[in-house]
Every structure is written in C-alpha cells, then in structure tokens.
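Residue numbers (the numbering used here), protein chains in the order written: chain A, 1 to 241; chain B, 1 to 656.
Do not take every clue at face value.
No farther apart than 27 angstroms at their CA atoms in a straight line, the calculated lysine-lysine pairs in the DSS-like style are these [claimed, not checked]:
| id | chain 1 | residue 1 | chain 2 | residue 2 |
| --- | --- | --- | --- | --- |
| 1 | B | LYS295 | B | LYS60 |
| 2 | B | LYS346 | B | LYS296 |
| 3 | B | LYS295 | B | LYS359 |
| 4 | A | LYS110 | B | LYS2 |
| 5 | B | LYS456 | B | LYS2 |
| 6 | B | LYS296 | A | LYS110 |
Note that these hints are calculated values from the structure, not bench results.
The primary structure of each chain is shown beneath.
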Amino acid sequence: MTASRTLTFHVFRHNPRDSGGEPGVREYQVEETPGMTLFIALTRIREEHDPGLSFDFVCRAGVCGSCAMLINGRPGLACRTLTSELPGTISLFPLPGFELIADLSVNTGKWMRAMSERLQAWVHLGSEVNPNQIEAAMDPDLAEAVYELDRCIECGCCVAACGTALMRPDFVGAVGMNKLARFRLDPRDDRSDAEYYQLIGDDSGIFGCMSLLGCQDVCPKELSLQTQIAFMRRAMARQGL
Amino acid sequence: MKIIHSDVLVIGGGLAGQRVALAAKRRGLEPSILSLVPAKRSHSVAAQGGMQASLANCFKGEGDNEDVHFEDTVRGSDWGCDQRVARMFAHVAPKAIRELAAWGVAWNRVRAGEHEAVINGQRVTLTEREDAHGLITARDFGGTRKWRTCYTSDGTGHAMLYTVSDRVIAEAIPVHERQEALALIHDGHRCHGAVVRDLITGELSAHLARATVIATGGYGRIWGISTNALINEGMGAALALETGVARLGNMEAVQFHPTAILPTGILVTEGCRGDGGVLRDVDGHRFMPDYEPEKKDLASRDVVSRRMAEHMRAGKGVKSPYGEHLWLDITQLGAAHIDRNLREVKDICRYFLGIDPAKDFIPVRPTQHYSMGGVRTDYRGESQWLSGLFSCGEAACWDMHGFNRLGGNSVAETVVAGMLVGEYVADFCQSRHGDQEISTALAREFVQREQRGLEKIIANPGHENAVDLRRRMEQIMTDKVGLFRNGPDLESAVAELAELLARSGEVGVNGGLDANPELVLAYRLPRMLKVALTVAMGALNRTESRGAHFREDYPARNDRDWLNRTLACWREGDALPRLDYEELDVLRMELPPGFRGYGAKNIIDHPDTAPRQAEVDEMRAAKLDRYAVQSYLMSFKHLLPLKYRGRNERLDEPLP
C-alpha cells in the first residue's frame, strides 16, 4: 500500500419528495484505508459527515445487485469497487434510467418487476411434476449453459449503459432479452419462438437494440449479452418473415 | 389511516417468505409480501454452496436417504433440535429440490463415467453410474456422511431465489418492496397483521390479515462482523418480542462460519472444503487433522470454527492489519474446477482481495454467520402464545437446527419450511380460527402508537449518537458473546447492553419522517439491543456447552440439566427479557443423545438416555424395513400435510 490518500467524493444529493429541494452535488473528504471499497467509504460518509445520505447496499459482496451507481460516470457495483482502483476524486451519481428515490438510491426493483411481468419472465411449465418421483434428467452441459445466463443480478447497469433505453423508456433492455434467451434455452419452458416474438418482436424489444455493446461492457457478471441478443434477434427475425 | 387487507401477510421476501406465499396462493388465498428491499435482493441470494437433499444420485451419495440426512442433522444440532421437525424436513427436502428443478433451477447434473475429485488432499477418480446421467448431483459438505449438497456452481441461493421469485411474479402475488413492519397488531391472544412503514415516503399503514408470517431471516448484524447482509438486523425477532406475548427460542444458539474473508466478513462457501480445499496456518501446515483426525477440515462448522480460534490462540495465526487469520487453500482444485464450480469465490477473491484462488491462499477467519434461534413456533410454524402469528426460515425456531446448523441445511430449510408452513397457514386461514375479527380501532391504536414513537425520536434533543451506540453493541457482542463465552464476560455484556438500551431512547435525528436513513437506525437500534439482550442472557444462563454455544467455564454438554430449549419473552415495561425453558423428551427421541465424535467425549448424560437407547437398539436389532423401524421409534408422517406424506423415489429405491 502506498502512502494514504485523502479521497474527495462528489456525491449527488436530491430527494424528489422534498418540494423546495434542488438537485445538487455535495463534497466529502475521506481518509483512504487499505482494502477500502465504495461501500466502506459511503458508510463512513454517512456515519461521520452526512447521516441523511441515501444509498442502497444489501449483500455488500457483489451478488445482490442493489448498489449499482455511476462511478466516475460509468455504471458499476459500488460494493465491490475498491477505491485504490480509482483516482483521488470520485464522483457518484444515481443510476440513470430508473426512478430516483433519493441521492444514490433508485427504484430498480419496481422496473425489474414490471419488465418481468411484461416479458412473462418465468419458466412456463407444461404441467406440475410429482415431487415424489425422480426428477427429469437434463444434459449436464445444458444445465450449466442455463445457469450461465441465470447469473444476472438485475442490478440495472446494462439499462443505464444502453443508448436505446435512454431514448425509449419502454425498452426491455439487455436484462430482459437475456432473460428470454435463458428461458428459450431451458427445455423446461415450453414456449415457442412465435410466443417469444409476441413479447419482444418490436422496437421496444429485440429490434430496438443498436448494438452499441454498452450493456456487455458494464455487466458486473460478464454475461455474454451481445451474443444472446444476436441469437434472439436472428430467431425473432425468422419469426417475422 | 390506510388499511390494506390480505389473507396472509408475509413479512420478508426471501426464499422462506416467498415460498409460504406461493403455498397460500395455491390454496386459493390472497397473500401479500412485505420486503425491505426488492425481493430478489434478499439475503437468500447469498447462499453459495448448496442445498442438502438425500437424492442419492451421485456415486458418493449412493445409499443416502432420509434416515441418514435426519441423523446428520440431529448430530449436527448436538441433540438440541426437535427431532420430529428434523424428520419432517429430511422427508420433504427431496420433494422441495425436485419441485425447484421443475420450476427452473439449473442444478448441476451427474455426468456418467469417470471424473476426478480431490478428497482429503488426494486426487482420486470417481465413476458415476450410467442411469444417473443428467440427474441432480451433489458435493461434500461438513458434518454429513454422504455427498448430499446439491448446487448450481456456487450461486445456489441466487438460482433458487430467482426461480421462486419468478414464480411469485407468475402467480401475481404482490410484493410491497421497501416496506418495513414496525409492530405486530394484536390483542394479546391473536395476531391481526402489522403496522407498516413505507421506507420511501415514510407513510404508515395498517396491513391486516388472517395470518401473519415472520420470514425476515437472522439477526447476524448485531455483531460487528458478520457474513450476513446488512438487512439481517433481527427485526423479525424484535417484532415478536415486542408483542410481550410471543417468545423467542434458543437465541444464544449462533453459528460462526469458519471461512469468511478479512476484513469485511464476506463468506466463501463451505463448498471450497467440500470440493477438497484445506485450512492452513502461518507455517502453511494443514492443522485440522491434528485436532479432528476423522472429519478433518469437514468437521461440523461449530467445531472447525473453534479449532481455528484455538489454533490462532496457540500462536499459529497469520498477522494482518485487520487482526489474525488463517489460510484457506483451494489451489489443489485447479483453475478449471474453480472457474466452473467456485466462480463466486473467484469473483470475491478478485474484487475484494485482488488474488487468484487458483494460485493464492485465501485469508479467512471464523465469523458470525447463522442464527439458529428465532421466533419460537410449533412444528406447524405457529407461535404457541400468539394465535395467527407464524414464522419460518432463519427467522424461526421451529427447531430443526438446535445448537448448530449443518451447511446446506439452510436454503433447504427455507423452501421446505415454506412449503410446510404455507400449508398450515392455509389450513389455519380456512378454519374458524382464521376468521378475522379485528376492529379498525385496534389497528388505529397501533398505528398511532408507532406514529407517536417516530415523532418522539424526531423531537428528541439528541443527547446520544445512534452510530456510537450501535458500534458499542457490535463490539460487546463480538468480544463477549462470540465463539468462546464465559460467565463474567456475559454478565458484563448483559449489564452494558441494558445500559445501551436505556440510552438508545435518547437518540436524536436531524431529518424528517420520510426516506431518512438516520431515522431508520434510530428506531431499529433499541430493537436490535433487545434482541442482543435475549442472546446474551440466554448464553449467560446456559451453563453448559452445546453445539455452537461454547462456555469455557462449563465445557461439558450437560444433558442432565440442559437438554432444553431457551424461551425468551419481554413484557412491556420490563428492563430485561424473562427466560424460561422447555424440556426435550429423550424418551420420544428417535436418535437418543450420543457423542458427536469431535474432540474428547465430555457429556453429562440424561437419566433417560440409557433406557431409551436400549429400546432403540432392540428395535433396530429386529431387522425390519427401515420405514417400519422409523415409524415405530418416532412417528411423524401424521404431522405432515397430506400432499407431502408420500415416499421419495431414488434409483435404488423405486416407489412401491
């Protein structure tokens, strides 16, 4: 560890329910400590400087997807971002594309539930199984491939980094298309491509993607979002013919 | 006053809560779920290594069944659990995992043929049978006699939570996100719902229901360092405690996990050791076989954690700016295995430690991990003291874990308890006991009381600082109510926590009544302190060592005097909780108390143990079918909902 730094944070502050309040940026100074993450730094800011500062951390381990924000302009998970990897001045803004709750807290949960309802993002079962019986066999490689796409944590980074999503509030985002790619791959879901076409076969879905690759660049789980979107687009284009 | 009605109010949106809601919905009821955070961000998501269910598909799981899972669970609990509940659980776990498999969890599957594995530091070749190809596989975990822990890489909780949450969305169950229950609405006999605060607007409302279910997870965040998510502050336990009627069970039973990283306490899964990883000390020496020659690194969690602490006390720890630690070494597993089966561990190492676990050792130490104690309920999940109040999952003490939980039994419990308690909740709602007879005047009274409480906090001049008091509480719990406990430390912990509780009423807040994190801490702090006091007092009173509760001044497990369950109740106006005890009946145990096989045997026997053991031995000597023996020794199937009584099919155990 090199000599300790004093970090300067520029943090967005605004509570939209506070009628007189104007959005602004507040500055805080924090002494950097070894292994410091933005979770540790923001907790310290709240405890020592600004007890009213709102932000969302739950697992603080990079798995729950709560703490996505703009870190020096780039969407990322704050909890697993080490300050040692950032310059001495750090700006933190709430994730764009989502309803602002206050300061760095945005309502990703509401957005994700609405997206899931709209895309019917669940396994569509032919019939319920008898749980006393041995489970249906599944190819081990296929199970791993499904899990690979299932690793999405709904953090919202891909939406915040998406050009289409910023222009079209109804765009389902890479998160939505990846979900359908996951269910399409899953033999337990009995939907056909014609049914998926009904869900995403337009400009608010698969044909709205401009292939800017922002989603894949920022995905904290390094999901192959562009590949999945490309596969889905090809399958949906075939349906549209 | 806003009033929201439903049939079943579920407090907590993790696996247990969502599964209860699904069961209720499928019985024709209207459930609603309250969650502090979006449901998919609940702490269930953090479960890594897997879910135990005796499927017996993989080679090292052959011969596994409910009996073996049951016995492992009871031994793991150090005979502190309710054996009927452990039986119900072991019986339903295979059904739960098969249901999840059908709903979409991408469980890792058996590959027929040869594959390599690391067992006890040796690379060995195992051969999987042809007819198991494509069935759900399992890995080894601590304290189990078979490979029984089913997994999706090391993101098992994530895969399960997303699948169950997706079903909740599919079945149109409302989830009220960013809503917090502040108090249960009750008349001293019957629970009618909860006063709920919107964490965005600050608005209070009354949620009224026939049945109310606490599924809020554990209370790990009363310790300074915990593997738990930040939201696991014991608010469910506090809700029950503050009724003055409902009781908490075994609050002193708290598990420390052997392998959390420094400094923040993020967990790396037991699957690391299950898959062949080992613990090493400052000299690089693998020390667990020195202490536990039989189970070594895969002894039960309470045992491994204590051995690690013991080894560090002996001067074998590694010094660091954050205190001492030991090493977890998974380098022998190889990069390919880690990339495929331990990828979250790899991510954690990369992002938080800047190391590659395929090449470097991981710095770990025992860290608070799991709350065996919780809202005391019967086997149906209902409080025996407050009708209509149910609880399940980590929040509850229906008591399948006793004084130590096995790895892999936690996420398994969430879904199994959700399935079972959900049915009992539905039975309750559909019986005359479930009729709703609440007056809105009572609801208003409760809402107004909470409103006045919040206004009082805002109006406080603020002589006390909530952050300082909280840090002190965390330090007390870590120093004096941790892995090793003793009378004088526990006495001072109780005294100091009681003083903090008195001071917590003087905390002042700057902001207003809406989205205000300062206010949230101010009203949760006294509740956390009450929960902490039940833990510390339970630990002080229990003058024996059992499972994760270890008293240096009382190292023996004392079945004669302490084969019982602690109950804590907090009457309004009292300065401290009141404790009393519920006996466990040895004469009705299927597995009478015995030696777990760790360290030297140090048990004071219960007088009923020997006669009961003789009865059990006689029955086993009769060589009857295993179902017949089990049913004779401790019948439990009549306790299960009808739909879950059927036998579980296995490759070598076809259904009759």
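Now the hints, each set against the structure:
no. : hint                  : result
1   : LYS295/B <-> LYS60/B  : holds (16 angstroms)
2   : LYS346/B <-> LYS296/B : holds (24 angstroms)
3   : LYS295/B <-> LYS359/B : holds (26 angstroms)
4   : LYS110/A <-> LYS2/B   : holds (21 angstroms)
5   : LYS456/B <-> LYS2/B   : holds (22 angstroms)
6   : LYS296/B <-> LYS110/A : violated (47 angstroms)
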